[in-house]
Structure formats: structure tokens, C-alpha cells
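K.L.:
Each chain, written out:
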Amino acid sequence: MNSIHETAIIGAGTRLGEFAVIAENARIGQDCVIGHHVVIHAGVQLGDRVRVDDHAVIGKLPMKALHSALTHDAVFPPASIGDDCLIGTAVVIYTGCTLARHVFVADFASLREQVTVGEATIIGRGVTVELKVTIGKRCKIETEAYITALSEIGDFCFIAPEVTMTNDNFMGRSAERFEHFKGATLARGARVGANATLLPGVTIGADAQVAAGAVVTKDVPARKIVVGVPAKVLRDVPTAQLLDQQGWE
Amino acid sequence: MNSIHETAIIGAGTRLGEFAVIAENARIGQDCVIGHHVVIHAGVQLGDRVRVDDHAVIGKLPMKALHSALTHDAVFPPASIGDDCLIGTAVVIYTGCTLARHVFVADFASLREQVTVGEATIIGRGVTVELKVTIGKRCKIETEAYITALSEIGDFCFIAPEVTMTNDNFMGRSAERFEHFKGATLARGARVGANATLLPGVTIGADAQVAAGAVVTKDVPARKIVVGVPAKVLRDVPTAQLLDQQGWE
Amino acid sequence: MNSIHETAIIGAGTRLGEFAVIAENARIGQDCVIGHHVVIHAGVQLGDRVRVDDHAVIGKLPMKALHSALTHDAVFPPASIGDDCLIGTAVVIYTGCTLARHVFVADFASLREQVTVGEATIIGRGVTVELKVTIGKRCKIETEAYITALSEIGDFCFIAPEVTMTNDNFMGRSAERFEHFKGATLARGARVGANATLLPGVTIGADAQVAAGAVVTKDVPARKIVVGVPAKVLRDVPTAQLLDQQGWE
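Protein chains in written order, with this note's numbering: chain H, 23 to 271; chain P, 23 to 271; chain Y, 23 to 271.
Note that these hints are calculated values from the structure, not bench results.
Among the hints, erroneous ones may be present.
From chain H, some residues computed to sit far from chain P (all C-beta separations above 12 angstroms) [said to hold, decoys possible]:
1. E28
2. A34
3. N47
4. G65
5. G69
6. F98
7. P99
8. R123
9. Q136
10. R160
11. E198
12. G235
13. V251
14. V259
15. P260
Calculated pairs, BS3-like style, for lysine-lysine (alpha carbon to alpha carbon, straight line, at most 25 angstroms) [to be verified]:
16. K240(P) / K246(Y)
17. K86(H) / K159(P)
18. K159(Y) / K86(P)
19. K240(Y) / K246(H)
20. K254(H) / K240(Y)
21. K246(P) / K240(H)
Here the structure is a predicted model, which is why all the values come from computation and not from measurement.
All C-beta atoms in this analysis are idealised placements derived from N, C-alpha and C, irrespective of residue type, glycine included.
Turn these sequences into a full structure, and let the hints guide you.
P.N.:
Pasting the structure below:
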């Protein structure tokens, strides 16, 4: 049994689980597999061969806290999910998100409004991507990593489990802070190790590497490894690990 | 289609999503918006103009593990959610919780039994608040922070993403530990930076600040900034960031 | 109202919530309590007196990302949940998992395929256990800890909140990495403190202890405490905290 709005369009060969909700003007492509208790909100566009697992919610409308610093009441275009994407159990994708083809979003991940994700990128289990974040193609963002608002993640980046990013050096105080909110910038091929912390506005250079547990307080040069609290340059990234040695393009 | 118990009371102007479950003696105020697949357990009290998003569960009964140290079989008063609260997708609020007005609970957050939350406080995405925690008004507790049992968080506190608090110096060993369980105490206006760790029983003084990535092993004096592993006093909090400079009251 | 496949078997005294889905050939024991919107996938075996809370999903089939390193298309035996287990709200347990009796899985925890869990172990709120992990009996794995793939956790281990484990020293680069994936090994009674980070392949010795916030880069000897970034031996674990002093066996 389902609740499908009369204006929703569901492509040929698509299967729906039980108790799914498909709202007005949603459009689901062909040969999709939609799990049980899935909610597809109004206007969402799903490509072909998309798998959406049980309890996922796509197209959520933002909520605005009484004293929120960044969420606005703007109207966003509907969420758009490319062909061959995999959307895990209990994933929450907000309105205004755009996922390219072959994106993998693991269970419990959240993508806030105005997030774009490039082709074949993996968003790990429980990852939070806050609003206004751009993520390139073929990245791996691993379990429970936290991508703060206003971040830019280039192509081929690797973000290990439990990484934390920040965007407010003023920790919620002083009017001055509103001029300085800035997330992390990861250049093409940058890699950040497990449980590392990035302070507001830092840039991790192309193919650079942040060691596990490091606390990064300033920019990291391209192709360098940084370690420690606070993080300091240790040495060059080994040649065998450089992006242009992987044969990926 | 919904499952609404015949004893439940639903106020005028309140809208329900599909496949919601409203149990016996639940009382929902006026002009609320209840999402799809929401579960409101027995006896829960919701104020007026509350928004509850898809898959949220309010009024969950505790589960007791075979060797749990802190969970008891007590009976608690029903969960009570104040007027104008926003309850996100898949949030889980246990029985015995009390939320004041205008509280914002983001997606996937958990509030265990006997938690109280003050007016206009923001509980971030995926935050865990364990049992017997008191949180003041107008706090911000950010994404994936972990508030251990038996903690006290004052008014106007700021807790950054992925902060970890602890309450057991004995790490689960020795009978002696049962006399020493103690969570964190954050005095009014205290702030804790991203991915910081607080050892059991520490107090963060009024308007004090813990830097990102710090490991706090002892009490932090009021209006001081501490940094490092283990955390040491660096300098005073800048005047422009002090609570009494914000014009909030 | 429920969706129960005609081939599913449900034991005497078992109660089902609303909008639950029980798929083909699932077998649920006697006197179980199954919450609202629960999904029990095909073939899952539940013992007697199991409690499964709202929105839990048991028996999920893996999803394979386009460039996944470890997930294969193998067929696994159905998930098996022992007698007297407690399965929390929105828990996700994959196919091929085996839980012994009296296991407690708190809200939002995930157990991937080929995970085995010993008797009376507690898996905390939001914990991720990746694929091919073995966990012993009577362990406590606390809130939001991350257990990487290919890890081995002995009996009586304690893993504090927000601990991060890793298994890839090459951070996703070089073909060489496929020969070196190795998770953490925790010997019997090992304990890891809050927000600590374990580098790939480290062994924590029997009854050893890792301090909160430590970054462990090499093996830890039995019965020693290590602290810091990188972690170094500080002293012996106090006798009163040793496993053989607890009277647990």
C-alpha cells in the first residue's frame, strides 16, 4: 500500500516498497527501486535506475531556527538525483540539492539545501553536508565526516571518517562574524585523515594530505603531508600516491 | 492514511502526513504540521504550531541493557514539547523529556529520558543528549556533538560540531566508578570548539572557550581560552566575544 | 495495519506496531515486540523476546558503489538475531549479520554485512560497525564510535564515544593499498578512550587502555596506558581496573 499523488509520474519498470509516499509533481525515472516508507517530496526529480532504500526522505524543506545564522526562507529548485544513483536507508536530501550520475549516498547521510555532488562520488554513512557546499566528482567522503556550510571540495578528494570542518572563528559571538563565515576548501585530490579537524577557512592544497588526528589551523601547501596539533608540514606526499599516478582519468 | 488512537486529541488546524501513528492519550496542539511516518507515543504533549518532520519518534520508552550502568526501570512523565518547536526528520525524543518554546531539534538528534531544554535552544543534526541532562536557554549545540549523561549546560552555551563529553574516569571497570560518574558542567556562556574532548567531571567556566581539537583534563577558568592536548590556558577571551557584549538580553 | 508476507512466520505472543513490513520467509520468535514502521527483510531470523523499536530495518541488502574497495556482490546468509536482543529505533542491520543473545543495539546504530556480535554486548547509539568485523561478548561500544571494516574486537572490550578506527594507510591511493587493508585489533579487555583515533592495523593489547583524545600510531602493549598525539606509554593500568579484578566470569 502506498500514497502516490495523482500528479506524480513513475517510470516504467520502477518498483515501490510498502507505505511509500510520493508527493505532487514528483517524477521518478524508469527501472528504479524505491524502498519501504520512503518519502519523495513535491517536485523531486529522480533519474533512471536509481535505488532508494527504506525510510529515505528526498526533497525535505528546510526548517529555520529562531536564531539561525545561515538558513534563509528562499525557495529552491526541487532536488534532482541523477541516473544510477544509490540512496541509502534513512538518507535525508533537502530541496535544492543536485546529484550527478552514479553518486552513492550511504545510510543516514544528510545533504542540506544547495548542495551539489559530482559524478561517482561516495558520501559515507552518517555524513553531514551542510548548506551551500560544492563537492566534485569521484570523491570519497567517509563515515560520519562533517562538511560545514560554505565549503568547496574539489574532484578526487578523500575525507576520512569523523573529520570535522568549521566555518566560524567567532564561535557564535560578535556581529563581526557574519562577514567572516568561511568553510573549508579542498583543492583537487586533497586528502584529510581520520578524525582530523579543520579550522574555519583553511585551504588544503592540491594532492596534499592531512594526517589522522591533526588540527589544521592554517593552509596546507600542495603535495605536502601535515601532522600534529597544531598541524605542521612533515614531508612530501609519496609519488606513488599522487593523483596523476592512479590512472583514473 | 493514519493510525490515530481514539483517545488522542488533535488541535484545530493541525495537519498530519501519511502513515503517522498517534497513540493513546497523546495531545497535539493547534496548527501543528506532522510529517509522514511520524510516531507520537502514548501520553506525549505537543504545544501549538509545532512542526514535526518525517519519521520522527516522540515519547520513546527506554530500553535497558543487561549490564547497563545508568538506565533504570523508572516511570517518567510523558514527553512535553513547547509551542513553536521544530522537530527534525528522524529525531528521537524519549519519554520524560521537556522542551521549552522555540526549541529547534535538527534531523537525527536524540534526546534521552529526563532531558530538559530551555527556550530557543538549537540542538544540531545528529546530536546525542544522554539521560539526565539539563540544557539552558538559547544554546547552540552543533552537529554530532555528544552530551554525556549527568551533564549541565548553562544558558547561552555554544558547543561546536563533533565535541565529545565523558562521565566515567574508570572506563567501565571497578565498583568504585559508580560513586564517581560525573558529566560535564558548562557555566553560562561557555563555548567548546569543534571536535574537542572533555574528560569526566570537568567544569568549563562562565564565558570560557575551549579551542577546536583540545583535550580538556581539568577545569577551565571563566573567560579564559584553553588550547592543546592536554588543554592549557592561552589567553583571555576577546572582549568583543563576551556574552555581555552581544546585546542578547 | 501491516504488510506481512504470506510465507513469514510470527511466533505466539508477538505484537506488531503499525505499518510494519515483514517480508517473505522472515521468521519472528515468540513474545517479541515489533515497533511501528519496522522493516524485516526476506529471510531474517529473530529469536524469542526480541524488542525491535520503531523504524528499525533488519536484513538490508548491501549497495555497491561504482568505485567501492571492499563491498562485493556475494550472497550472504540471512541476518540472525538471538533471543532477548534489544534493537533500537532506526537501527539498520545488514544481511549476513549474526547477533548472539542479549545483545543491545541502541538507536541509529548500523551493522554492515558479515558482522558477528557476542552475547550481552552493547552497541551504542549511532555506532557504525563496517563489514567483516567480529565483536566478542560483553563489550561496550559507546555512542557514535566508528569500527572500521576488517576489525577484531575481543571479549570485554570498552570503546568510548566517538572513537575512530581506520584501515587504509594509503588513503584511497595506489594499487598497493589493496594488499594492506587492515582494521584494528583489540585484545581481550582492551579499552579505548573518548574520541581517540586508531591508525590502520594497530593492535591494542589485552587489558591495555588508550587515553581520551590519543592518536595511536603503533601497537599498545598489554596492561599499559597510552596517552597523547602520537600516543606514548604513560604507566600501567591500575590493578583495580584489570579485567580479572571485576568478578565478571
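K.L.:
Hints first: check each against the structure and report whether it holds.
P.N.:
To see whether the hints hold, each was checked on the structure:
Non-interface status of E28(H) relative to chain P is upheld: no Cβ of that chain comes within 12 angstroms, the nearest being about 14 angstroms off. At roughly 25 angstroms, the least C-beta separation between A34(H) and chain P is larger than 12 angstroms, which holds for a residue marked as non-interface. In this structure N47(H) is separated from chain P by more than 12 angstroms, as the shortest Cβ-Cβ distance comes to about 16 angstroms. Under the 12 angstroms C-beta cut-off, the non-interface status given to G65(H) relative to chain P holds; the minimum distance is some 16 angstroms.
Every CB of chain P is more than 12 angstroms from the CB of G69(H) (nearest about 22 angstroms), matching its label as outside the interface. At roughly 17 angstroms, the least C-beta separation between F98(H) and chain P is larger than 12 angstroms, which holds for a residue marked as non-interface. With a least beta-carbon separation of about 20 angstroms from chain P, P99(H) lies farther than 12 angstroms from that chain, consistent with its non-interface assignment. Every CB of chain P lies more than 12 angstroms from the CB of R123(H), the least distance being 26 angstroms, so the non-interface label holds.
Every CB of chain P is more than 12 angstroms from the CB of Q136(H) (nearest about 16 angstroms), matching its label as outside the interface. For R160(H), the non-interface assignment is confirmed: its Cβ lies about 25 angstroms from the closest Cβ of chain P, beyond the 12 angstroms cut-off. In this structure E198(H) is not separated from chain P by more than 12 angstroms, as the shortest Cβ-Cβ distance comes to only about 7 angstroms. Annotated as non-interface, G235(H) brings its C-beta within 12 angstroms of a C-beta of chain P; the closest such distance is 8 angstroms.
The claim that V251(H) is not at the interface with chain P is violated, since a C-beta of that chain comes within 12 angstroms of its own (minimum 5 angstroms). Against the 12 angstroms criterion, V259(H) stays outside the reach of chain P, whose nearest CB is about 22 angstroms from its own CB. Every beta carbon of chain P lies more than 12 angstroms from that of P260(H), the smallest distance being close to 26 angstroms; the non-interface claim holds. Pair hint K240(P) plus K246(Y) holds up; C-alpha atoms about 23 angstroms apart against a cutoff of 25 angstroms.
Distance hint between K86(H) and K159(P) is fulfilled; the C-alpha atoms sit about 17 angstroms from each other, no more than 25 angstroms. Annotation: proposed proximity of K159(Y) to K86(P) holds, straight-line Cα distance about 17 angstroms (limit 25 angstroms). Our distance criterion of 25 angstroms between C-alpha atoms is met by K240(Y) and K246(H), whose separation comes to about 23 angstroms. Using a Cα cut-off of 25 angstroms, the hinted pair K254(H) and K240(Y) holds, with the two alpha carbons roughly 20 angstroms apart.
Simply put, K246(P) and K240(H) have alpha-carbon atoms about 23 angstroms apart, close enough for the 25 angstroms limit, and the pair holds.
The structure is inconsistent with the numbered hints 11, 12, 13, although it conforms to all the rest.
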